[in-house]
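Enquirer: Chains as they are written, first to last, in my numbering: chain A, 24 to 136; chain B, 482 to 597.
Quick caveat, the hints were computed from the structure, so don't treat them as lab data.
Some hints here could point you the wrong way.
Just the calculated beta-carbon pair ranges, DEER-fashion [what the hints assert, rightly or not]: (1) 50(A) <-> 490(B): 49 to 55 Å; (2) 106(A) <-> 522(B): 24 to 30 Å; (3) 507(B) <-> 83(A): 15 to 21 Å; (4) 493(B) <-> 49(A): 34 to 40 Å; (5) 533(B) <-> 33(A): 27 to 33 Å; (6) 136(A) <-> 498(B): 40 to 46 Å; (7) 39(A) <-> 535(B): 48 to 54 Å; (8) 547(B) <-> 123(A): 19 to 25 Å; (9) 520(B) <-> 136(A): 19 to 25 Å; (10) 103(A) <-> 507(B): 31 to 37 Å; (11) 109(A) <-> 491(B): 22 to 28 Å; (12) 82(A) <-> 490(B): 20 to 26 Å; (13) 580(B) <-> 33(A): 26 to 32 Å.
Think about it this way: if two alpha-carbon atoms lie no more than 25 Å apart in a straight line, the pair counts; the simulated DMTMM-like pairs of lysine to aspartate or glutamate are [said to hold, decoys possible]: (14) 37(A) <-> 85(A); (15) 37(A) <-> 53(A); (16) 37(A) <-> 77(A); (17) 507(B) <-> 61(A); (18) 32(A) <-> 95(A); (19) 551(B) <-> 82(A); (20) 94(A) <-> 53(A); (21) 537(B) <-> 61(A); (22) 551(B) <-> 488(B); (23) 94(A) <-> 47(A); (24) 584(B) <-> 95(A); (25) 507(B) <-> 488(B); (26) 584(B) <-> 534(B); (27) 507(B) <-> 496(B); (28) 106(A) <-> 53(A); (29) 32(A) <-> 564(B); (30) 584(B) <-> 47(A); (31) 584(B) <-> 119(A); (32) 537(B) <-> 496(B); (33) 32(A) <-> 61(A); (34) 507(B) <-> 82(A); (35) 584(B) <-> 547(B); (36) 537(B) <-> 119(A); (37) 80(A) <-> 486(B); (38) 37(A) <-> 61(A); (39) 551(B) <-> 77(A); (40) 507(B) <-> 564(B).
As the structure is a prediction and not an experimental result, all values here were calculated from the model.
Even glycine gets a Cβ: it sits at the ideal position worked out from N, Cα and C.
Here are the chains, one letter per residue:
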Amino acid sequence: DGGITQSPKYLFRKEGQNVTLSCEQNLNHDAMYWYRQDPGQGLRLIYYSQIVNDFQKGDIAEGYSVSREKKESFPLTVTSAQKNPTAFYLCASSIEGFYSPLHFGNGTRLTVT
Amino acid sequence: SQQGEEDPQALSIQEGENATMNCSYKTSINNLQWYRQNSGRGLVHLILIRSNEREKHSGRLRVTLDTSKKSSSLLITASRAADTASYFCATDPLGAGGTSYGKLTFGQGTILTVHP
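Turn these sequences into a full structure, and let the hints guide you.
Expert: Written out as C-alpha cells, the structure reads:
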C-alpha cells in the first residue's frame, strides 16, 4: 500500500535539545510538505519541497530546518531556537504541488518540557 | 489572518440529518479543497474544486463554490456517526497578476459530531 509514514507517533524532548521528525513516502510524489497544528487551530506551513535538493520556507520556518536528499524522504529538525515547539506535526506529499490533493501522514505529537 | 475561515466552529447533529459547513476566504484563489481529520490523525482529502467550477459531488458529499462571494460550502447528506471529525477548507490563493503563491492555506476547521 502506498502512503506516508511519520515516525515516531509520540516524541518527548527536553528544552534545548534538537529533535528530528521522520517522514517517508512511497507514492512517488515530487512535492512534500511539513505543517504544524496547534490545539483548535488550522494547519500552518513550515517548509515545503517541490523537487529533490530544493525546499522553500513556509509561513513559520523560524526554528526549523529540513533536507530533501531523496525523493522519498523529507525529515524535519526542530531546533532549540524554536520558542514553542510542542505541537502536532504533519507531513504531506502531492503529485504536482498545491494544484493537486495533499496526502497526509498520521502525524507526530512532539512534547518539549 | 486566516485565508479560509470555517463556519460554524462546531456542529452537532443526529444520524441521518444533513450537515452543512461553510468556508469564506479573502483573496482570489486557484482552487479550494476540503479535508477531513479524525481525532489525533492526519488529514484526508475529500474534494478539490477549481475556481472555474461551481459544484462538485462525491458520494454523499456536495461542495459548492461562489467566487463572487468568496465562499464555499460542504454538504454531507444522510450523516453517519462515522462522519464525526473535523473538516477543514484549504485555499490556494492567487497574488497580484493571478499567480499562485504556491501555498495551501488552511482554515481552523469545523468540528462535526454526529450522534447515533
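Enquirer: Decide, hint by hint, whether the structure agrees.
Expert: Evaluation of the provided hints:
1. 50(A) <-> 490(B): 49 to 55 Å: violated, 33 Å
2. 106(A) <-> 522(B): 24 to 30 Å: holds, 27 Å
3. 507(B) <-> 83(A): 15 to 21 Å: holds, 19 Å
4. 493(B) <-> 49(A): 34 to 40 Å: 39 Å Cβ-Cβ, so the 34 to 40 Å window holds.
5. 533(B) <-> 33(A): 27 to 33 Å: This hint is violated: roughly 43 Å between Cβ atoms.
6. 136(A) <-> 498(B): 40 to 46 Å: holds, 43 Å
7. 39(A) <-> 535(B): 48 to 54 Å: Roughly 53 Å apart at Cβ, these two residues keep to the hinted range, so it holds.
8. 547(B) <-> 123(A): 19 to 25 Å: holds, 23 Å
9. 520(B) <-> 136(A): 19 to 25 Å: Hint holds: Cβ distance 23 Å, inside 19 to 25 Å.
10. 103(A) <-> 507(B): 31 to 37 Å: Roughly 35 Å apart at Cβ, these two residues keep to the hinted range, so it holds.
11. 109(A) <-> 491(B): 22 to 28 Å: Roughly 24 Å apart at Cβ, these two residues keep to the hinted range, so it holds.
12. 82(A) <-> 490(B): 20 to 26 Å: Holds, at about 22 Å.
13. 580(B) <-> 33(A): 26 to 32 Å: At roughly 40 Å between Cβ atoms, residue 33(A) and residue 580(B) fall outside 26 to 32 Å, so the hint is violated.
14. 37(A) <-> 85(A): holds, 19 Å
15. 37(A) <-> 53(A): violated, 34 Å
16. 37(A) <-> 77(A): Measuring from Cα to Cα gives roughly 30 Å; hence the hint is violated.
17. 507(B) <-> 61(A): Status holds; Cα separation ~22 Å.
18. 32(A) <-> 95(A): With Cα atoms ~19 Å apart, residue 32(A) and residue 95(A) stay inside 25 Å; holds.
19. 551(B) <-> 82(A): holds, 22 Å
20. 94(A) <-> 53(A): With a Cα-Cα distance of about 7 Å, the restraint between residue 94(A) and residue 53(A) holds, given a limit of 25 Å.
21. 537(B) <-> 61(A): violated, 30 Å
22. 551(B) <-> 488(B): Holds. Residue 551(B) to residue 488(B) sits at ~14 Å (cutoff 25 Å).
23. 94(A) <-> 47(A): Answer holds: residue 94(A) to residue 47(A) is near 9 Å, not above 25 Å.
24. 584(B) <-> 95(A): holds, 21 Å
25. 507(B) <-> 488(B): holds, 14 Å
26. 584(B) <-> 534(B): Measuring from Cα to Cα gives roughly 20 Å; hence the hint holds.
27. 507(B) <-> 496(B): violated, 33 Å
28. 106(A) <-> 53(A): Outside the cut-off at roughly 31 Å; violated.
29. 32(A) <-> 564(B): Between residue 32(A) and residue 564(B) the Cα gap is close to 24 Å, so the pair holds against 25 Å.
30. 584(B) <-> 47(A): At roughly 21 Å apart (the allowed maximum being 25 Å), residue 47(A) and residue 584(B) satisfy the hint.
31. 584(B) <-> 119(A): holds, 12 Å
32. 537(B) <-> 496(B): holds, 23 Å
33. 32(A) <-> 61(A): Distance ~16 Å between residue 32(A) and residue 61(A) Cα, so the pair holds.
34. 507(B) <-> 82(A): holds, 17 Å
35. 584(B) <-> 547(B): holds, 21 Å
36. 537(B) <-> 119(A): holds, 21 Å
37. 80(A) <-> 486(B): Since the Cα atoms of residue 80(A) and residue 486(B) sit roughly 23 Å apart, the hinted pair holds (cutoff 25 Å).
38. 37(A) <-> 61(A): It holds: about 19 Å lies between the C-alpha atoms, which stays within 25 Å.
39. 551(B) <-> 77(A): violated, 33 Å
40. 507(B) <-> 564(B): violated, 28 Å
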